[in-house]
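J.: Sequence:
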Amino acid sequence: MGGFLAHNQRRLYPAWGNLPGFLRSGESLVKQLSEGDFTDGLYADPKRTRHFADAMDGYAVLLGRPLAEKYPWESVKSFTDLGGCRGLLTMRLAAAHGHLRGVTFDLPPLEPLFDELVEKEAGDSDLRDRVSYHAGSFFTDDLPDTQVYILGHVLHDWVDERRRALVNRAFEQLPPAAPCSSTTA
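Numbered according to the numbering used here, the sequence shown spans residues -17 to 167.
Hints in this document: simulated from the structure, not taken from any laboratory. Ideal Cβ placement from N, Cα and C applies to all residues, glycine included. Just so you know, not all the hints are guaranteed correct.
[Stated by the list, open to error] Distance ranges between label pairs, derived from CB positions: (1) L5 x A78: 38 to 48 Å; (2) L5 x P28: 19 to 29 Å; (3) H81 x G3: 43 to 53 Å; (4) R6 x S107: 36 to 46 Å; (5) K29 x A147: 44 to 54 Å; (6) V141 x D97: 31 to 41 Å; (7) L137 x H33: 44 to 54 Å; (8) L44 x T122: 25 to 35 Å.
Just need the whole structure built from these sequences, with the hints factored in.
T.: And the structure:
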């Protein structure tokens, strides 16, 4: 959780510290935070890249268990975590459900950190055979074929138009839904 708190202190707290100014001006806080691509400078420095990955692991720790327990994964064979950083959430979900194949989809500079984490997390299990990294931009590159897309801590970084574009790209890539059926006891 420490990486998560440090990241918020450096990136988000300065913006929230000026909340009264944003409220008076009506200026979009998200627009200011998402101008340009914040990953350019972030991924140019390996130390900053690792700090960012530590922060995103904090989110994965918070979300991993509830998502593994509450979502009905029984009928799912594959999932992709879009913007999944170094893949901790992918690994936690795949470890919790031995039938799942998971893909972490994020930018190329994070792939070595994914490989490092797989070595650490997989041990002697089959996890390393069921998780993979797909390097690319979820705005421009083809998304991996999958049954479920996870957009876990990425939408807040973008203005509405980019959010809609990303959600639409993911939706259009999903396979057709299976007919729903229900039973009553």
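J.: Now tell me if each hint is right for this structure.
T.: Verification of the supplied hints:
Checking the proposed 38 to 48 Å range against L5 and A78 shows it holds: the Cβ atoms sit about 42 Å from each other. The beta-carbon spacing between L5 and P28, approximately 38 Å, falls outside the hinted interval of 19 to 29 Å. Separated by about 51 Å at the C-beta atoms, H81 and G3 satisfy the suggested range of 43 to 53 Å. At roughly 54 Å, the beta-carbon separation of R6 and S107 lies outside the given 36 to 46 Å, and the hint is violated.
Between K29 and A147 the beta carbon distance is about 32 Å. The supplied range of 44 to 54 Å is therefore violated. A C-beta distance of roughly 33 Å is found between V141 and D97, which places it inside the suggested range of 31 to 41 Å. A beta carbon spacing of about 22 Å between L137 and H33 contradicts the range 44 to 54 Å that was offered as a hint. Checked against the hint of 25 to 35 Å, the C-beta distance between L44 and T122 comes to roughly 29 Å, which is consistent with it.
Checked against the numbered hints given earlier, this structure breaks hints 2, 4, 5, 7; the rest are met.
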